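Chemist: The lines below spell out each chain.
2 protein chains.
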Amino acid sequence: MAAERMVVIGGDATGMSAASQARRLRKPEDLEVVAFERGPFSSYSACGIPYWVGGDVKERDALIARSPEEHRSRGIDLRMRTEAVELDLAGARVRVREEAGTERWEGYDHLVLATGAVPTRPPLPGIDAEGVHGVQTLDDGRQLLDALEHRIERGGGSGGEGARRAVVVGAGYIGVEMAEAFVQRGYEVTVLEKAEQPMSTLDPDMGRLVHEAMCSLGIETVLEAAVTEILTDEDGRARGVATEDTEYPADVVVLGLGVRPATELARAAELPLGTSGGLLTDLAMRVRGQENVWAGGDCVEVLNLVSGRAQHVPLGTHANKHGQVIGQNVGGGYATFPGVVGTAVSKVCDLEIARTGLLEAQASAVGLQYESVVIESTTRAGYYPGTRPIHVKMIAERRSGRLLGVQIVGRENAGKRVDIAAVALHAGMTVEQMTSLDLGYAPPFSPVWDPVLVAARKAAAAVRAG
Amino acid sequence: MAAERMVVIGGDATGMSAASQARRLRKPEDLEVVAFERGPFSSYSACGIPYWVGGDVKERDALIARSPEEHRSRGIDLRMRTEAVELDLAGARVRVREEAGTERWEGYDHLVLATGAVPTRPPLPGIDAEGVHGVQTLDDGRQLLDALEHRIERGGGSGGEGARRAVVVGAGYIGVEMAEAFVQRGYEVTVLEKAEQPMSTLDPDMGRLVHEAMCSLGIETVLEAAVTEILTDEDGRARGVATEDTEYPADVVVLGLGVRPATELARAAELPLGTSGGLLTDLAMRVRGQENVWAGGDCVEVLNLVSGRAQHVPLGTHANKHGQVIGQNVGGGYATFPGVVGTAVSKVCDLEIARTGLLEAQASAVGLQYESVVIESTTRAGYYPGTRPIHVKMIAERRSGRLLGVQIVGRENAGKRVDIAAVALHAGMTVEQMTSLDLGYAPPFSPVWDPVLVAARKAAAAVRAG
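As given, the protein sequences belong to chains L and P, one line each in that order. Heads up: the first sequence begins at 1 in the numbering used here, then just goes up one per residue. Heads up: the second sequence begins at 1 in the numbering used here, then just goes up one per residue.
FYI, nobody ran anything at the bench for these hints, they're computed from the structure. All figures in this text were calculated on a predicted structure; none of them were measured in a lab. Glycine residues also receive a C-beta, built at the ideal position from the N, C-alpha and C atoms. Some hints could be false.
Using C-beta positions, here's what the derived DEER-type ranges look like [what the hints assert, rightly or not]:
{"#": "1", "chain 1": "P", "residue 1": "PRO389", "chain 2": "L", "residue 2": "ARG267", "range": "41 to 49 Å"}
{"#": "2", "chain 1": "L", "residue 1": "GLN369", "chain 2": "P", "residue 2": "ARG121", "range": "28 to 36 Å"}
{"#": "3", "chain 1": "L", "residue 1": "THR336", "chain 2": "P", "residue 2": "ALA2", "range": "58 to 66 Å"}
{"#": "4", "chain 1": "L", "residue 1": "GLU98", "chain 2": "P", "residue 2": "ALA465", "range": "37 to 45 Å"}
{"#": "5", "chain 1": "L", "residue 1": "GLY218", "chain 2": "P", "residue 2": "THR120", "range": "32 to 40 Å"}
With the rest of the complex left out, here is chain L (with noise of 0.2 Å):
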């Protein structure tokens, strides 16, 4: 028997991060590690669903970095199809349940929650029927390609004429992505959002150039559509879509609303939750007043480094850098997560979306005063073949200059350009300190002034005007 006893809740990113990098570090005699798994994969991509369901990925197992089988043949103990039903924090212990319904208490030393997050369902009529689908787990994915196939096999469309149909409710990450996925599969695409542009994560500026992009890529884009029913046809089968005005049929119904930490294991136990219901966690990634409790990933509230605000920023990337911190916290070593910016990048299509930072609302709301600009440019040099519009939004803050967010709204190229941004938000250059950065230049790759020093130079002349 091992001195110590891991035990990690949840065998995705965050819970095998953090059990794997304990196990390199530290020996089996010196720790157990101990990892359950509530579904059937361990290590998945969920961000990849979107692009196996319009066919860029072939194979589901393409979407597992690592199969139950990988993690057990490096020493840990990972035990599927079991869940984790209460915690006994004063115990140490923890209650699971296995398939076939038999309950146990494990004992810990170290405990992670990496309990991820649960897909948002408004109690709508219908929402349960045949044929909504969410997009979370791989089962998920699974049973809307069956569907797809499904509609193949019987002729495909909406009363069994035309082209098929899928409607998707939610304009953020998710169901762009998945407007894209099948727009790929050659269906019409009807996105319904509820707000008055999609991507509530730009400001609506920005949100209009998606908008206007998504529809000349042909996807149907109604915005301040509020869904008030699925529809079903007498088998129950969904079948359409319908609003406050209209009635949208269709095919397939897919929901892209949004996740909610899920957080109610930690929630009974009376761990600290933040406003989003996320837990709370110090910088090495503990529980706040928890010695031995670690949380990372899609169930915790991270610190936006901009707004000096916890908020629910639920990413792959994030979530595999807690488990290595977690990870190397328990397995002797040191490590922190300072917190997020706030980058996150997408596309439709060609059409690529991101950002980091501070949209004007959020600077708002925490009290900064701002200029805002927004530059069109290009990713390339003009003249080069394969040059693509780019849009850039920049946010500073009024009088010091700091930079306070960046949107990009472009295509091919401009996305990733997000990253420079990042960067001196983390460093918290000012617009000004940034029209000098020493960005790569070839007519390839930019234009002589990339479009980022572009809304720098113009976001620094706005603030001494200011």
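Take the given structure of chain L and dock chain P to it, following the hints.
Modeler: This is chain P only, laid out in the frame that chain L set:
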């Protein structure tokens, strides 16, 4: 007559940016702006010439950002084919020679030296033969294109048969870009490089990757090739290149041997020059020790912020920034150019090559000890179509862990990632700090750990262990 007179020598990036910026900021009655350009073109992209020769850019004029007429219509008295031949600093005047040979003294209140660079031409037998081309001016590009067309008319091929052959002397940025241009034109291409690796702007291990990739692209790349002579035919036309070991037949020969600052005028006027012969300036781009003489672009040395040394970095992106800074300052504003971090990016066919900061040898040369790591990853999620290999080398200072440099060799979407490191260098970040960078992640854009993060983690571990 205006209150003051700004005289600009050199009608390209720095000179015309400075002129345009000052013109915008001060009224004609307050400032007269005169610019002298000895050639027939203003404000053109020399960096674009390889792509014009290669056929990616169809028209010469696409490379001209602003014609002399456009400059004149904006209130700049731009005099073409007029060469400055002497500076009289004490008298605050410049002697200029017009095309017809007429000379005259022109007085100034502000003088801007934007004389650019001249290509290196080693004194080899045959170097001035017809068929030996530089890639510096639009006339060079035109002559090269005329030569290619001429060869096509003659039926092509050395000796009139087989594929047409190009020999490029030098495997630096211009050399590899010209190699790509000839590949696109269907030529058999040989690149002769005197060093042990192509791209001496990279460390030998990364240069080796470039060498392998160039060979696999079908570009014969001969290293340690000491060129002794340009071989000519009975008409005095270049027919090949001889090295100490071999002769390489060629229909066309291109020199890509780098450039040196064009500072003869400045030297004659005893202005301060650095070790590479470039003018030395202060942070406002004023020539050191001068009140009203400014300089920028390919004729100056700039501070490398990582090494603390002045160096010659002839790049259009710096030249444009220098022009802006000078124009702001002459225009009554305030701007500085703090220095560079040594960023450069290039490509050969689909191979992308980038660097920023210091090489190992450069770090050693300024007394820095370092850890260095190389990682291999992919440009997108491993399962996403179009994911391509990328190698990232990262160099960090021993003990402090401060980032010193990054080199990238990869395929599509690899190169511009160097910007992440460039901003981190400007900010003086450590590689440990870089492991937490919130970079844009989605499967089409990056693996869940961006390759730069993977390199940072490995470098941070090396620093801890070192």
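Chemist: Tell me the hint numbers this structure goes against, listed in increasing order.
Modeler: As far as the earlier hints go, 2, 5 are violated by this structure, in ascending order.
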